[in-house]
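Enquirer: Chain by chain, the residues run as shown.
Number of protein chains: 2
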Amino acid sequence: MNYNYPNGKKPQQKSINRANLGMTLESDIEVTNQYYLEKGIAVIYKKPTPVQVVSVSYPARNKAKITEAYYKTPSTTDFNGIYRGFYIDFDAKETKSKTSIPLKNIHEHQIEHLKRITDAGGIGFLIVYFQAYGEYYYLPFDVLYDHYQDSLKDGRKSIAYDTFKQEAFLVKFGFNPRLDYLKVIDEYVIPGLLKARACR
Amino acid sequence: MNYNYPNGKKPQQKSINRANLGMTLESDIEVTNQYYLEKGIAVIYKKPTPVQVVSVSYPARNKAKITEAYYKTPSTTDFNGIYRGFYIDFDAKETKSKTSIPLKNIHEHQIEHLKRITDAGGIGFLIVYFQAYGEYYYLPFDVLYDHYQDSLKDGRKSIAYDTFKQEAFLVKFGFNPRLDYLKVIDEYVIPGLLKARACR
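Sequences listed follow chains A and B, in order. Residues 31 to 230, numbered by my numbering, are exactly what the first sequence covers, in order. Residues 31 to 230, numbered by my numbering, are exactly what the second sequence covers, in order.
Chain A with its partners taken away, still in its complex shape (with noise of 0.2 Å):
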């Protein structure tokens, strides 16, 4: 992808909104990673989705046609890779509610995979984006993780929009990259993990 701006200037910040991309946050994260990897910044790819194949035809010399499949349930997460050394690995979720963003939507086996890459010293986070208010939030997997614990004792279902505001760091949305989600890694992330690195 490749822009260029009649006065050699990006527009406003504030003109860009997904609306007039008409793009998921799917897309916005695989285009922000396309640009890391073209950069040389980072090495992120999003996992194909599981499909288990249950019949392929062979119409055509050397392209085996699938006809009958299924989506499988993922056991990990969307996305990983790899930056300044550290293996990141994290999901995107989405929300319409204004308040906050359900549970169910962030699966047990998904906190199970990112409380093992954390313990093993990976970078574990959710990428959130509240629909309503236009904003994208990085959530460390520490937080996601003391919410989760609470929620099996007080039954609470959600993880709060005072929470996001509180505990996790804005991403930024603008050009290129879309989502510039490691720069928040780069703040706040980092620098307690390479303190807390012993040299060896």
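Derived by calculation from the structure, the hints in this document are not laboratory data. Don't take each hint at face value.
Identical chains share a label here; the pair holds if one copy fits it or two copies do between them.
Stated by the list, open to error - Within a straight-line C-alpha distance of at most 30 Å, the following computed DSSO-like cross-link-like pairs (lysine-lysine) qualify:
| id | residue 1 | residue 2 |
| --- | --- | --- |
| 1 | LYS213 | LYS77 |
| 2 | LYS145 | LYS128 |
| 3 | LYS76 | LYS93 |
| 4 | LYS202 | LYS134 |
| 5 | LYS213 | LYS202 |
| 6 | LYS183 | LYS134 |
| 7 | LYS225 | LYS69 |
| 8 | LYS225 | LYS213 |
Note that this is a predicted model, so its numbers are computed, not measured.
Following the hints, put chain B in place on chain A, whose structure we already have.
Expert: Just chain B, lined up with the frame of chain A:
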């Protein structure tokens, strides 16, 4: 998977071979990864095979049936994950040849991908199975890359078995873990990476 031996001891290694387990290289690696996961050693998954879905029908509630789809060429490698804080990325290849593995088995985009990964501080490699010898090798990416670049100059189309004997590491085939490739990483890869890692 759970093995119980009458005398509490594993049978001799030499009694184990692929023939009597009847599995493929890919599934041997998946069984190994499952072992690593359950023991809390590493979190490494095979990526799903990418499929281009053309049409879907909805014969029953909640279960979409894919009625036309095609396999796509993966843009990366098959396996990735995290071990001891390091990003791990590899592919599995096998050959019937007694003398070499053809370079055409290793796609150019996979070499590019592994180059990016190792440049970013990740651990990239191939697991290569020589069927004729029943031997599995851990081929470090830098060795692969040297031979790949030589091939662009001299037109050679394969990597010799002798190269594996000299520059790759044998991976032992056993019961559990089936193919303990992380042992190679522990012994030969991580010490060098830790030494190179600056304490910032």
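Enquirer: It remains to establish, for every hint, whether it holds in the given structure.
Expert: Status of the hints after comparison with the structure:
Taking CA atoms no more than 30 Å apart as the test, LYS213 paired with LYS77 passes in both settings, with 22 Å inside one copy and 27 Å between copies. Taking the shortest Cα distances, LYS145 and LYS128 sit within 30 Å of each other inside one copy (28 Å), while across copies they are farther apart (44 Å). Proximity of LYS76 and LYS93 under a CA criterion of 30 Å is satisfied in both settings, with 24 Å inside one chain copy and 23 Å between copies. Proximity of LYS202 to LYS134 under the C-alpha cut-off of 30 Å is restricted to the intra-copy arrangement: shortest distance 26 Å within a copy versus 43 Å between copies.
Taking the shortest Cα distances, LYS213 and LYS202 sit within 30 Å of each other inside one copy (9 Å), while across copies they are farther apart (42 Å). Taking the closest pair of Cα atoms, LYS183 and LYS134 come within 30 Å of each other only inside a single copy of the chain (16 Å); across copies the shortest separation is 56 Å, beyond that limit. With identical chains, the CA atoms of LYS225 and LYS69 are at most 30 Å apart both within one copy (27 Å) and between copies (28 Å). In this homomeric assembly, LYS225 and LYS213 come within 30 Å of each other (Cα to Cα) both inside a single copy, at 18 Å, and across copies, at 28 Å.
Checked against the numbered hints above, the structure breaks none of them.
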